[in-house]
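S.K.: Listed below, chain by chain, are the residues.
There are 6 protein chains.
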Amino acid sequence: MGSFVIKLGGSLIFDENGALKAEYLRAFVRLLRDVESRDRKIVVVVGGGAAARSYISVARDVCRNESALDQLGILASRLNASLLFTMYYDLPPVIPSSLEELVRLYHSNLPVIFTGGFQPGQSTTTVSALTAEATKSQLIIATNVDGVYTSDPRRDPNATLLRKVSIDQLLDMFSQPQKAGEYRLFDMMTLQVIKRSKINTVVVNGNPPDNIRRAMEGLSVGTTIVFP
Amino acid sequence: MGSFVIKLGGSLIFDENGALKAEYLRAFVRLLRDVESRDRKIVVVVGGGAAARSYISVARDVCRNESALDQLGILASRLNASLLFTMYYDLPPVIPSSLEELVRLYHSNLPVIFTGGFQPGQSTTTVSALTAEATKSQLIIATNVDGVYTSDPRRDPNATLLRKVSIDQLLDMFSQPQKAGEYRLFDMMTLQVIKRSKINTVVVNGNPPDNIRRAMEGLSVGTTIVFP
Amino acid sequence: MGSFVIKLGGSLIFDENGALKAEYLRAFVRLLRDVESRDRKIVVVVGGGAAARSYISVARDVCRNESALDQLGILASRLNASLLFTMYYDLPPVIPSSLEELVRLYHSNLPVIFTGGFQPGQSTTTVSALTAEATKSQLIIATNVDGVYTSDPRRDPNATLLRKVSIDQLLDMFSQPQKAGEYRLFDMMTLQVIKRSKINTVVVNGNPPDNIRRAMEGLSVGTTIVFP
Amino acid sequence: MGSFVIKLGGSLIFDENGALKAEYLRAFVRLLRDVESRDRKIVVVVGGGAAARSYISVARDVCRNESALDQLGILASRLNASLLFTMYYDLPPVIPSSLEELVRLYHSNLPVIFTGGFQPGQSTTTVSALTAEATKSQLIIATNVDGVYTSDPRRDPNATLLRKVSIDQLLDMFSQPQKAGEYRLFDMMTLQVIKRSKINTVVVNGNPPDNIRRAMEGLSVGTTIVFP
Amino acid sequence: MGSFVIKLGGSLIFDENGALKAEYLRAFVRLLRDVESRDRKIVVVVGGGAAARSYISVARDVCRNESALDQLGILASRLNASLLFTMYYDLPPVIPSSLEELVRLYHSNLPVIFTGGFQPGQSTTTVSALTAEATKSQLIIATNVDGVYTSDPRRDPNATLLRKVSIDQLLDMFSQPQKAGEYRLFDMMTLQVIKRSKINTVVVNGNPPDNIRRAMEGLSVGTTIVFP
Amino acid sequence: MGSFVIKLGGSLIFDENGALKAEYLRAFVRLLRDVESRDRKIVVVVGGGAAARSYISVARDVCRNESALDQLGILASRLNASLLFTMYYDLPPVIPSSLEELVRLYHSNLPVIFTGGFQPGQSTTTVSALTAEATKSQLIIATNVDGVYTSDPRRDPNATLLRKVSIDQLLDMFSQPQKAGEYRLFDMMTLQVIKRSKINTVVVNGNPPDNIRRAMEGLSVGTTIVFP
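So the protein lines, in turn, are chains P, Y, X, H, Z and A.
For the first sequence, my numbering gives the first residue as 150, with consecutive numbering after it.
For the second sequence, my numbering gives the first residue as 150, with consecutive numbering after it.
For the third sequence, my numbering gives the first residue as 150, with consecutive numbering after it.
For the fourth sequence, my numbering gives the first residue as 150, with consecutive numbering after it.
For the fifth sequence, my numbering gives the first residue as 150, with consecutive numbering after it.
For the sixth sequence, my numbering gives the first residue as 150, with consecutive numbering after it.
There's no promise every hint is true.
Lysine to aspartate or glutamate pairs mimicking DMTMM-like chemistry, simulated, CA-CA at most 25 Å apart [stated by the list, open to error]:
1) LYS190(H) with ASP359(H)
2) LYS347(A) with ASP239(A)
3) LYS285(H) with ASP239(H)
4) LYS285(Y) with ASP336(Y)
5) LYS285(Y) with ASP210(H)
6) LYS347(P) with ASP305(P)
7) LYS285(P) with ASP210(X)
8) LYS347(A) with GLU185(Z)
9) LYS170(P) with ASP301(Y)
10) LYS347(A) with ASP317(A)
11) LYS190(A) with GLU165(Y)
12) LYS347(X) with ASP210(X)
13) LYS344(Y) with ASP239(A)
14) LYS344(Z) with ASP336(A)
15) LYS347(Z) with ASP321(Z)
16) LYS347(P) with ASP317(P)
17) LYS170(Z) with ASP210(X)
18) LYS347(H) with GLU250(Y)
19) LYS347(Z) with ASP239(H)
No lab work stands behind these hints, which were simulated from the structure alone.
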């Protein structure tokens with residue numbers, strides 16, 4: 150089996166009150182222990198979640214600099230990555246803060262690497278796609294829905310889960326102007342990276358974590374992106 | 150007027166539910182704008198507060214490595230420092246992560262520098278004392294009590310606020326073994342640094358922030374540490 | 150006058166044979182000397198141009214890793230930035246390699262900062278928008294056409310230069326799937342950053358360089374992006 | 150066998166005239182070769198010794214900044230660490246300068262890591278305790294006395310070597326105010342780190358180096374710290 | 150077999166028009182794959198070649214700072230090194246920029262390391278000698294002539310290839326003042342490093358690359374430097 | 150007045166017993182205070198002196214790696230530079246460890262920069278020439294003889310001090326093979342850098358320090374290097 154990049158959505162690790170979901174985090178760490186192997190590397194890219202949102206919301210009162218606000222979200226995502234590192238290794242965290250640093254760390258002896266955001270103007274989903282591209286890995290996007298739907302399942306009762314979706318279909322779905330509160334699994338840049346490098350990508354519900362294992366083993370779960 | 154290091158206790162910027170106190174943060178930033186001056190540098194050292202505690206508490210379930218846990222607290226304190234930088238400058242944060250980096254940044258054009266913890270096994274109060282020592286600054290420790298009391302004011306109704314306290318008296322007060330939940334304004338290492346460099350130090354209630362301005366101007370507020 | 154970010158298109162500094170245009174580079178450096186001022190910072194973001202293309206084309210024979218190929222382009226753009234630094238300052242080049250480093254350098258005494266690409270999957274035009282956002286600067290995109298046209302002027306004889314164009318119009322124009330050899334002044338990510346931060350942006354022909362000065366002084370030249 | 154951190158006291162590597170003890174250094178390096186093993190890491194933390202003292206003493210004439218003076222001692226200890234690295238590996242030295250760098254280097258292929266001080270206000274003994282804590286290693290403190298005595302053996306003829314000593318007993322012994330020339334094996338911070346992480350610690354006379362091997366193998370030598 | 154440092158002359162990878170020689174580069178990469186082995190490290194030091202010359206020549210019009218100009222050459226050589234890394238590993242390049250960084254990377258898992266120049270005032274041939282010295286490797290200098298001649302073969306029809314040459318003979322040959330366009334395989338500093346560390350050195354024609362393999366295997370090819 | 154680089158020979162700061170000369174160091178620091186000015190930068194490059202020699206001599210017993218041994222000398226020279234920084238600024242030292250770092254620090258607010266060696270195989274005198282070249286400064290080489298003599302003044306009673314010496318004459322004098330114990334003020338690389346950039350260079354006896362001031366003011370002292 151080759152290497153994997155797992156994008157762990159921030160929504161999976163915080164509850165609706167903005168508190169860390171300790172039990173989920175422990176279950177995810179156990180899953181990583183199960184799938185860890187000498188023969189491959191795993192990179193986990195964690196989102197910022199509720200921590201990012203609360204810091205950004207306070208700063209926004211007086212700060213109009215979107216780059217600075219994004220940076221707060223990035224730092225929150227690295228704190229989340231550090232938490233997972235600490236829980237996984239029982240050692241002080243080593244978290245790369247750019248693709249260049251990640252690539253260097255990839256040549257060390259760490260079997261699992263944890264990271265968060267890299268740069269303003271860029272989602273952690275894009276980070277996961279860039280990392281999968283740089284390390285020629287498969288990409289598993291673990292989020293809080295079961296995969297890609299025909300429309301927003303939280304608004305449209307007829308929304309159907311797609312087992313397969315072509316990259317061009319996704320580009321169509323997500324290139325429309327964004328409306329407030331709308332269903333946004335992907336941004337354009339992520340899709341463009343996935344497309345240009347034909348990254349083997351599966352979108353799964355990260356809860357329960359076992360879905361991630363299933364995706365790694367090629368079992369049927371979530372939505373698989375296909376290329377023409 | 151010389152330079153100042155302000156230790157901003159984590160307790161000042163989070164409410165009892167662990168949420169950031171946006172209004173307090175804005176008031177503190179306004180205070181910094183008032184006291185900023187071309188002729189001096191200000192370094193603000195921020196504690197980790199509730200954010201640090203919540204990450205550490207989740208990790209501790211499976212991680213027994215105190216160094217790793219401290220590191221989570223340090224990262225949380227840097228996130229707090231980044232928030233303040235962002236609110237103060239309306240620019241992406243630049244946060245030193247060691248005394249060496251702080252000293253380098255001190256030679257740049259930034260009039261106010263924000264930082265958090267540096268190293269496991271060391272409180273942010275110690276960081277503020279080390280920074281005051283390295284930069285030959287006065288130290289203002291802003292916390293959630295009005296200064297140093299004869300005993301813990303939350304437990305002892307007869308506790309009296311001390312206007313002045315000698316460094317040796319403090320060393321006596323805080324060298325006793327610590328009991329759970331006890332009143333702990335200082336650790337030994339902070340006091341030792343203050344003592345060896347006779348750092349001009351005032352302990353004030355950071356709320357309202359105007360107390361900090363008063364301490365900077367040498368007006369009567371809080372507790373002043375005196376040397377033999 | 151505020152600060153400026155100038156994106157200098159790679160096409161401006163190489164001729165059709167892939168050789169550096171020495172005379173143009175000298176003229177651009179003279180322009181920078183003219184507009185330099187104590188009161189503002191200028192950041193110049195240079196593209197990779199023909200140098201980037203020749204390295205990427207050789208590597209692509211055996212390397213399918215788009216991230217690695219992009220990295221070659223980034224290194225070529227930094228070499229171009231170093232050339233300009235050297236010509237401008239007559240000193241060894243200091244070139245930031247990430248937004249974080251650029252922000253740090255922004256607090257130094259250098260009045261003009263030169264940089265190239267930051268990260269795979271991201272154009273130098275995006276770098277210029279992110280830098281303008283982070284430093285709250287106006288953005289001047291200097292390229293080899295006179296501004297934004299209604300259609301590709303190299304293919305359509307009826308193409309008309311737009312003096313003003315709304316950001317949403319641009320998003321429409323550039324969100325369509327890209328065809329080989331097509332007219333591509335912008336990528337989506339650049340436009341999204343410009344939009345979210347309402348960056349004051351002018352697109353000009355960088356040849357002659359005086360167009361850049363005109364844009365900096367608010368004189369009529371090229372195309373100005375307008376916001377609703 | 151697990152990993153080990155060895156604190157090598159500066160007093161062991163300089164003679165009374167302040168000259169390096171070449172023969173001792175060679176013997177210590179041979180010992181490291183004997184105990185090196187694929188299955189574990191060894192970190193050697195070296196003190197500054199006479200080199201540190203001579204630089205600090207010259208600087209102190211005109212420099213009152215204790216932080217700056219400590220930094221000279223730290224640089225001297227890193228020079229000592231570099232000497233040992235060079236003698237051990239016959240390669241140019243790679244010396245971490247913070248706990249963070251040390252943790253990164255720990256994931257490389259180097260079986261033995263050499264380091265000196267990290268930060269002003271902190272002894273190299275504290276560095277060794279923090280490193281043992283971060284890497285979950287046993288700690289061997291090699292000094293120029295045979296272990297912990299009931300009182301200062303250089304002053305009190307009735308001083309008795311303790312084979313075992315509880316951490317709380319040590320905290321009592323070393324929390325008293327320090328008098329000039331007094332017997333000071335530990336500082337408070339070292340003991341607090343050892344206590345909070347229950348670090349398996351032995352204090353031995355580093356001369357002959359074989360005592361260190363004995364301590365690593367669990368044989369009776371020096372003083373062992375015990376926990377309640 | 151021990152480790153090797155291969156100096157790859159810039160002249161080997163550019164044709165007379167200054168274009169990259171794609172076929173040669175692919176052949177060289179294949180050679181590296183053939184000789185790679187778990188048991189040894191290979192460091193490839195690449196020259197700047199035509200890319201370096203073209204950037205330096207443009208800058209020199211207005212920049213008289215030789216240090217700055219050298220820096221452009223160094224950046225060009227790193228771009229060449231990145232190209233080779235990318236072609237060899239199909240991964241984003243990791244290129245050390247000083248001897249210190251190279252030594253650190255030497256302790257990672259990368260079997261082949263690519264680098265360019267380190268510092269102004271120093272040729273990439275000197276870099277290769279310093280690297281061979283630091284890593285105790287054999288040195289193969291691959292250039293565009295067949296080895297060391299009695300005189301410049303491009304000017305003197307009686308020039309004879311030397312199979313062996315003593316280091317002192319070389320020092321004599323290359324200590325004479327340099328005339329424009331003269332035959333310059335070595336600079337003094339390279340020879341001094343080779344001499345002081347008695348580095349096992351062979352000079353070969355890097356074209357065809359198989360000469361390099363022959364030199365690594367100790368077969369007769371090019372010129373071997375001998376020591377008294 | 151322009152900028153200056155002062156090479157402070159290690160022989161000036163240690164006595165014949167290898168002890169630091171505290172009085173000389175204080176006098177040199179006072180001199181720097183006298184000549185410091187807002188309008189120019191001063192870089193002081195310090196040699197390793199007796200400290201370097203003692204560490205190298207101990208290591209050489211078991212270490213044959215000249216690169217590693219040089220590195221010990223470099224670290225000793227940085228310790229010397231740190232000592233001077235500390236005495237000059239009464240602040241923790243900031244010491245660049247490469248030409249690149251030095252150039253960055255040159256753009257900070259520090260009026261005087263202290264540094265030591267940069268790289269194995271290179272003397273601190275070469276560092277001073279490279280720094281003068283990069284920063285377009287005048288070079289003052291302060292050593293323990295009165296300037297350049299016609300022959301070694303310690304061996305030849307007829308040796309005469311030269312007030313002026315051409316760079317080519319120096320190249321002749323120092324290109325001869327070196328004999329043990331011989332008079333060696335310059336190495337080839339230093340002279341080549343001085344020559345190629347026609348660096349304004351004066352060699353003076355650094356004791357008394359006032360000679361350095363005289364050289365800075367263009368008064369007659371020591372030996373001036375002249376160019377054809």
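S.K.: So, for every hint listed, does it hold in this structure?
M.R.: A quick look at each hint next to the structure:
no.: 1; hint: LYS190(H) with ASP359(H); result: 18 Å, holds
no.: 2; hint: LYS347(A) with ASP239(A); result: 36 Å, violated
no.: 3; hint: LYS285(H) with ASP239(H); result: 28 Å, violated
no.: 4; hint: LYS285(Y) with ASP336(Y); result: 21 Å, holds
no.: 5; hint: LYS285(Y) with ASP210(H); result: 17 Å, holds
no.: 6; hint: LYS347(P) with ASP305(P); result: 30 Å, violated
no.: 7; hint: LYS285(P) with ASP210(X); result: 17 Å, holds
no.: 8; hint: LYS347(A) with GLU185(Z); result: 46 Å, violated
no.: 9; hint: LYS170(P) with ASP301(Y); result: 35 Å, violated
no.: 10; hint: LYS347(A) with ASP317(A); result: 12 Å, holds
no.: 11; hint: LYS190(A) with GLU165(Y); result: 53 Å, violated
no.: 12; hint: LYS347(X) with ASP210(X); result: 41 Å, violated
no.: 13; hint: LYS344(Y) with ASP239(A); result: 19 Å, holds
no.: 14; hint: LYS344(Z) with ASP336(A); result: 15 Å, holds
no.: 15; hint: LYS347(Z) with ASP321(Z); result: 17 Å, holds
no.: 16; hint: LYS347(P) with ASP317(P); result: 12 Å, holds
no.: 17; hint: LYS170(Z) with ASP210(X); result: 12 Å, holds
no.: 18; hint: LYS347(H) with GLU250(Y); result: 32 Å, violated
no.: 19; hint: LYS347(Z) with ASP239(H); result: 16 Å, holds
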